[in-house]
Amino acid sequence: MAHAQTITQLTDARTGVSAPASLSANGLTAVFTSASDPLGTNADHSFELYKLNVATNAPTQLTSDRAAPSSECPGVGTEFLACD
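My numbering applies: residue 41 is where the sequence shown begins, and numbers increase by one.
Any given hint could be a false lead.
[Said to hold, decoys possible] Pair by pair, the computed Cβ-Cβ distance ranges are:
| # | residue 1 | residue 2 | range |
| --- | --- | --- | --- |
| 1 | Asp105 | Ser62 | 13 to 23 Å |
| 2 | Gln45 | Asp105 | 31 to 41 Å |
| 3 | Ala44 | Ser104 | 32 to 42 Å |
[What the hints assert, rightly or not] The calculated SDA-like cross-link candidates involving lysine to any residue, where the alpha carbons are at most 20 Å apart (straight line), are:
| # | residue 1 | residue 2 |
| --- | --- | --- |
| 4 | Lys91 | Leu79 |
| 5 | Lys91 | His43 |
| 6 | Lys91 | Asn66 |
| 7 | Lys91 | Val57 |
| 8 | Lys91 | Arg54 |
| 9 | Lys91 | Gln49 |
| 10 | Lys91 | Ala75 |
| 11 | Lys91 | Leu63 |
| 12 | Lys91 | Ala70 |
| 13 | Lys91 | Gly80 |
| 14 | Lys91 | Thr81 |
| 15 | Lys91 | Asp77 |
| 16 | Lys91 | Leu102 |
| 17 | Lys91 | Gln101 |
| 18 | Lys91 | Ala44 |
| 19 | Lys91 | Leu68 |
No lab work stands behind these hints: they were computed from the structure. Cβ atoms here follow ideal geometry from the backbone N, Cα and C, with glycine treated the same way.
Please construct the entire structure, taking both the sequences and the accompanying hints into account.
Here you go:
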(Lines of atoms letter the chains of each structure in order from A and count residues from 1; the text may use other names and numbers.)
(Lines give C-alpha, C1' and ligand atoms only; values in the text may rest on other atoms or scores of the structure.)
Protein backbone atom coordinates (compact mmCIF):
# COMPACT_ATOMS: atom_id res chain seq x y z
CA MET A 1 0.00 0.00 0.00
CA ALA A 2 1.39 3.41 -0.99
CA HIS A 3 1.68 6.16 1.61
CA ALA A 4 0.41 9.66 0.85
CA GLN A 5 3.02 12.39 0.71
CA THR A 6 2.64 16.11 1.19
CA ILE A 7 4.88 18.60 -0.59
CA THR A 8 5.24 21.99 1.08
CA GLN A 9 6.93 25.05 -0.42
CA LEU A 10 9.47 26.38 2.11
CA THR A 11 10.53 29.62 0.46
CA ASP A 12 9.17 32.19 -1.94
CA ALA A 13 12.40 33.75 -3.19
CA ARG A 14 12.11 36.13 -6.10
CA THR A 15 15.90 36.23 -6.57
CA GLY A 16 18.82 33.99 -5.71
CA VAL A 17 19.20 30.25 -5.66
CA SER A 18 18.13 27.82 -2.94
CA ALA A 19 19.45 24.29 -2.58
CA PRO A 20 17.20 21.35 -1.71
CA ALA A 21 16.37 21.14 1.99
CA SER A 22 17.27 18.35 4.38
CA LEU A 23 14.50 17.32 6.74
CA SER A 24 15.18 16.15 10.30
CA ALA A 25 14.21 12.58 11.21
CA ASN A 26 11.24 13.80 13.25
CA GLY A 27 10.10 16.10 10.41
CA LEU A 28 10.10 19.22 12.60
CA THR A 29 13.11 21.03 11.15
CA ALA A 30 14.34 21.62 7.61
CA VAL A 31 17.82 22.96 6.81
CA PHE A 32 18.77 24.52 3.49
CA THR A 33 21.28 26.86 1.87
CA SER A 34 20.20 29.84 -0.15
CA ALA A 35 21.63 32.86 -1.93
CA SER A 36 18.27 34.61 -1.69
CA ASP A 37 17.30 37.08 1.03
CA PRO A 38 14.22 35.53 2.68
CA LEU A 39 14.60 37.44 5.98
CA GLY A 40 16.03 40.73 4.70
CA THR A 41 19.42 39.89 6.26
CA ASN A 42 21.34 38.67 3.19
CA ALA A 43 21.63 41.79 1.03
CA ASP A 44 24.83 40.55 -0.66
CA HIS A 45 23.08 37.33 -1.72
CA SER A 46 25.92 35.09 -0.52
CA PHE A 47 25.05 31.48 0.21
CA GLU A 48 23.80 31.20 3.80
CA LEU A 49 22.53 28.32 5.91
CA TYR A 50 18.95 28.48 7.19
CA LYS A 51 16.82 26.27 9.39
CA LEU A 52 13.06 26.23 9.24
CA ASN A 53 10.64 25.23 11.98
CA VAL A 54 8.23 23.21 9.85
CA ALA A 55 5.31 23.54 12.28
CA THR A 56 5.42 27.35 12.37
CA ASN A 57 7.10 27.95 8.98
CA ALA A 58 9.54 30.24 10.87
CA PRO A 59 13.00 30.41 9.24
CA THR A 60 16.22 31.33 11.06
CA GLN A 61 19.43 32.38 9.32
CA LEU A 62 22.31 30.41 10.87
CA THR A 63 25.29 31.93 9.01
CA SER A 64 26.30 35.40 7.88
CA ASP A 65 29.00 35.39 5.22
CA ARG A 66 29.61 38.90 3.93
CA ALA A 67 32.05 37.78 1.22
CA ALA A 68 31.01 36.04 -1.96
CA PRO A 69 32.64 32.65 -2.63
CA SER A 70 35.83 32.88 -4.65
CA SER A 71 37.36 30.40 -7.08
CA GLU A 72 39.82 29.52 -4.29
CA CYS A 73 36.92 28.38 -2.14
CA PRO A 74 34.51 26.56 -4.45
CA GLY A 75 32.67 24.64 -1.72
CA VAL A 76 29.24 26.10 -1.15
CA GLY A 77 26.53 24.27 0.69
CA THR A 78 26.14 22.17 3.77
CA GLU A 79 29.65 20.70 3.52
CA PHE A 80 31.08 23.92 5.06
CA LEU A 81 34.53 24.08 3.54
CA ALA A 82 36.82 26.53 5.33
CA CYS A 83 39.05 28.74 3.21
CA ASP A 84 41.71 31.14 4.41
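Between Ala44 and Ser104, does the beta-carbon spacing fit 32 to 42 Å? holds, 38 Å
Assess, step by step, whether the Cα of Lys91 is no farther than 20 Å from the Cα of Ala44, and give holds or violated. This hinted pair is violated, its Cα atoms lying about 25 Å apart.
Is Lys91 within 20 Å of Gln49, Cα to Cα? holds, 14 Å
Satisfaction of hint between Gly80 and Lys91, Cα-Cα up to 20 Å: Status holds; Cα separation ~15 Å.
Holds or violated: Lys91 to Gln101, with C-alpha atoms at most 20 Å apart: Distance ~7 Å between Lys91 and Gln101 Cα, so the pair holds.
So the hint says 13 to 23 Å: do the beta-carbon atoms of Asp105 and Ser62 match that? holds, 19 Å
Next pair to validate is Lys91 with Leu68; report whether the Cα-Cα distance is within 20 Å. With Cα atoms ~10 Å apart, Lys91 and Leu68 stay inside 20 Å; holds.
Can you confirm whether the C-alpha distance between Lys91 and Arg54 stays at or below 20 Å? holds, 19 Å
20 Å Cα cutoff - pair Lys91, Ala75: holds, 14 Å
Is Lys91 close enough to Val57, meaning Cα to Cα at most 20 Å? Within the cut-off at roughly 16 Å; holds.
Are the Cα positions of Lys91 and Ala70 separated by 20 Å at most? holds, 6 Å
For the pair we were handed, Lys91 and Leu79, check the Cα-Cα distance against 20 Å. Status holds; Cα separation ~12 Å.
In summary, the numbered hints that this structure violates are 5, 18.
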